[in-house]
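The whole structure should be built from the sequences, with the hints applied where relevant.
First to last, the sequence lines map onto chains A and B.
Note that full-length UniProt numbering numbers the first sequence so that position 298 is 298, with each residue one more than the last.
Note that full-length UniProt numbering numbers the second sequence so that position 210 is 210, with each residue one more than the last.
Read the hints as simulated data drawn from the structure, not as lab findings.
Keep in mind that the hints are not guaranteed to be accurate.
Said to hold, decoys possible - Stretches of chain B that chain A covers, calculated by requiring three or more beta carbons in the stretch to come under 8 Å of a beta carbon on chain A:
| id | segment |
| --- | --- |
| 1 | 133–145 |
| 2 | 221–233 |
| 3 | 242–254 |
| 4 | 258–268 |
Claimed, not checked - Using C-beta positions, here's what the derived DEER-type ranges look like:
| id | chain 1 | residue 1 | chain 2 | residue 2 | range |
| --- | --- | --- | --- | --- | --- |
| 5 | A | L287 | B | F54 | 45 to 51 Å |
| 6 | A | F29 | B | L256 | 33 to 39 Å |
| 7 | A | L237 | B | Y174 | 33 to 39 Å |
| 8 | B | I22 | A | I63 | 55 to 61 Å |
| 9 | B | F46 | A | F29 | 30 to 36 Å |
| 10 | B | L256 | A | G212 | 49 to 55 Å |
| 11 | B | F31 | A | L57 | 45 to 51 Å |
| 12 | A | S169 | B | L202 | 48 to 54 Å |
| 13 | B | R18 | A | T207 | 34 to 40 Å |
| 14 | B | L202 | A | V14 | 32 to 38 Å |
These figures come from a predicted structure and were not determined experimentally.
Ideal Cβ placement from N, Cα and C applies to all residues, glycine included.
Next come the chains, spelled out residue by residue.
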Amino acid sequence: MSKYIIRKLLMLPVVLLAVSFIIFMILRFIPGDPARLMAGQQATQQDVEMMRTKLGLDENIFIQYADFLQNALQGDLGNSMRSSKPVISEIKSRFPNTMALALSSYTIAVSIGIVSGVLAAVFQYSLFDQAVMFMAILGASTANFWLALIAMNFFSVKLGILPLMGSGSWQHLILPSLSLAFYPTALIARMSRSSMLEIIRQDYIRTAKAKGLGAVIVYCKHALRNACIPIITVVGLHFGVLFGGAVVTETVFNWPGIGRLLIDSVRYRDYPLIQGTVLLTVVMVVLVNFLVDIIIVKIDPRIRLD
Amino acid sequence: MFNLIKKFLPGLFSKQKRSVLIGGLMVLLLFVVAVIAPLIAPYDPFQQDLINSFSPPDAAHFFGTDQFGRDIFSRILYGVRISVLEIFLAVGLSILMGVPLGLVAGFFGGKVDQIIMWFLDIIFSFPGILLAILIVSVLGTSLFNMLIAIAIFSVPVYGRLTRNLTLSLKQQDYVLAARALGASKFRLMFKHILINSLAPLLVQVTLTAGGVILSASSLSFLGLGVQPPTPEWGSMIGSGRSFIGMASHISLFPGLAITYTVLAFNILGDGLRDWLDPKLKNRS
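Shown next, in the form of structure tokens:
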């Protein structure tokens, strides 16, 4: 077990290094002169040259990357071109909002997805099973930003029972969380159903039933534990998808999180802020995927033997 | 491909093939609409009629009109063309990049395989839409740049699939026989292995087509993809966003069009996968 985790741990900095290098390099393909862009259109040639030296743009690209990495490790991701504030403090102020949105959506998706998927498998071919499968395929086919607008129109404009947009209270979180959770709920429900179907036809489940064990023990203790590996994989991998979805959902609901910060920074071509937001989000997703790998090995010892 | 169609025809209306048939017909309808859009659209999709702006759905305008009085039904019909173009270009580009990488990785194995797979895993660790936003922010907002961005984050899907298929196919007797007869590596990869990987790749194409539409419409909705007045569904929803309280039909119908299109490809993809994979077919 420890050997597997050590191997994964050793790979982690390599992956993070590669990811940061890709992000750094992509932004070096900005058309035009980055120094001129950062200095502003009104800047003189001397200002532009000063900015070039300040940013280290006259250095070799690998030296530039090493500098960027060194600063990033010390928590310095540069300053926003628009607000002149440090990128890290801009992100820090938005981070709790995105986490609140992501965690509430995640809780909804995982609880509804697993419960409905497991029940659909236990009552296969029933009306409930068909309803779950219909909702699952619909959920995987619906654009979450559109669903968010429709929900906004119905619950906020027509019924007036939930706030239209913005933040400040737990009620503000309901519509963004629900609309962001729709897609992952559908995928988790489908995966839970198919994993459970595979397991509940195994001999040991039949034996457990023949021994006279109650349905709850058979399905929850014996079946679900063995069906949960693919479910956890899907749940873990969709953390990244959820963060991607949050970019759009935050924009629709004017939710002051990292996603909206990213879209605003793209609109204003604020490259240090784009770089910082994408870097921190990807690092977080990579770390979550690493944790999922470790959890899966804990649950299923067969994986580490492979 | 011809063999696949021949295999499909007997028992066309059986329960096993129902999803393929329904999904296939839904996708076929899309392609037909894309071709005949100018013939069936009642109005010019760009023609403004400010006197009739915000008209609700009625006999003159089936889906109503938008803030500029443009007929939403006609714009949605023309939007099918954009969506089909998005699917062809984004999926085509990701196949062009991913399939050769997967073929080379699976065929040569060893260090080549490790390096290629490592590279694909790195791309895969990015949330797709974030990578797309990053690329679009550098290349600029346009349909083509958006499709390049979507294609890049789909490359690992095709690379991994082709690599796994190549690993199993290269051990098959017919490939070993061709190798013994002196077939070149290029011929083995592209003539013998790739041709026999087409069916699973086709399933993957149908499964990713829906994802392409969702990603493209999300980017256009955010203003990072297709720009108005082009009748792209995501962009249409985005421009109707400010009027959601007074004229929700502006955003409602393009969203339904997206759901229909993604649903069509998902049903077809699921059906094809269940039909071609006996393990899954027996399960449900």
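Taking 30 to 36 Å as the stated bounds, is the beta-carbon spacing between F46 of chain B and F29 of chain A within them? holds (33 Å)
Please check whether the segment 258–268 of chain B has three or more residues whose CB lies within less than 8 Å of a CB on chain A. Contact hint for the segment 258–268 of chain B vs chain A: holds, 6 residues under 8 Å.
Could you tell me whether the CB distance from L237 of chain A to Y174 of chain B stays inside 33 to 39 Å? Given range 33 to 39 Å: holds, Cβ gap about 36 Å.
Honestly, do L256 of chain B and G212 of chain A meet the 49 to 55 Å range at C-beta? With Cβ atoms ~51 Å apart, the hint holds.
How about the segment 221–233 of chain B: do at least three of its residues have a C-beta closer than 8 Å to a C-beta of chain A? holds (count 4)
With respect to the beta-carbon atoms only, verify the hint that L287 of chain A and F54 of chain B lie 45 to 51 Å apart. holds (48 Å)
Indicate whether the distance between the beta carbons of I22 of chain B and I63 of chain A respects the range 55 to 61 Å. Check passed, 59 Å falls within 55 to 61 Å.
Okay, F31 of chain B versus L57 of chain A on CB: inside 45 to 51 Å? Hint holds: Cβ distance 49 Å, inside 45 to 51 Å.
Just to be sure I understand the hint, the distance between the Cβ atoms of R18 of chain B and T207 of chain A should be within 34 to 40 Å; is that true here? holds (35 Å)
Under 8 Å between beta-carbons, do enough residues of the segment 133–145 of chain B, three at least, approach chain A for the coverage claim to hold? Held - the segment 133–145 of chain B has 8 residues with a Cβ nearer than 8 Å to chain A, which meets the minimum of three.
Mind checking the hinted window 48 to 54 Å against the Cβ distance between S169 of chain A and L202 of chain B? holds (50 Å)
I want to verify a distance hint. Is the separation of the beta carbons of F29 of chain A and L256 of chain B within 33 to 39 Å? Taking Cβ atoms as reference, F29 of chain A and L256 of chain B lie about 38 Å apart, which means the hint holds.
Hint compliance for this structure: every hint is met.
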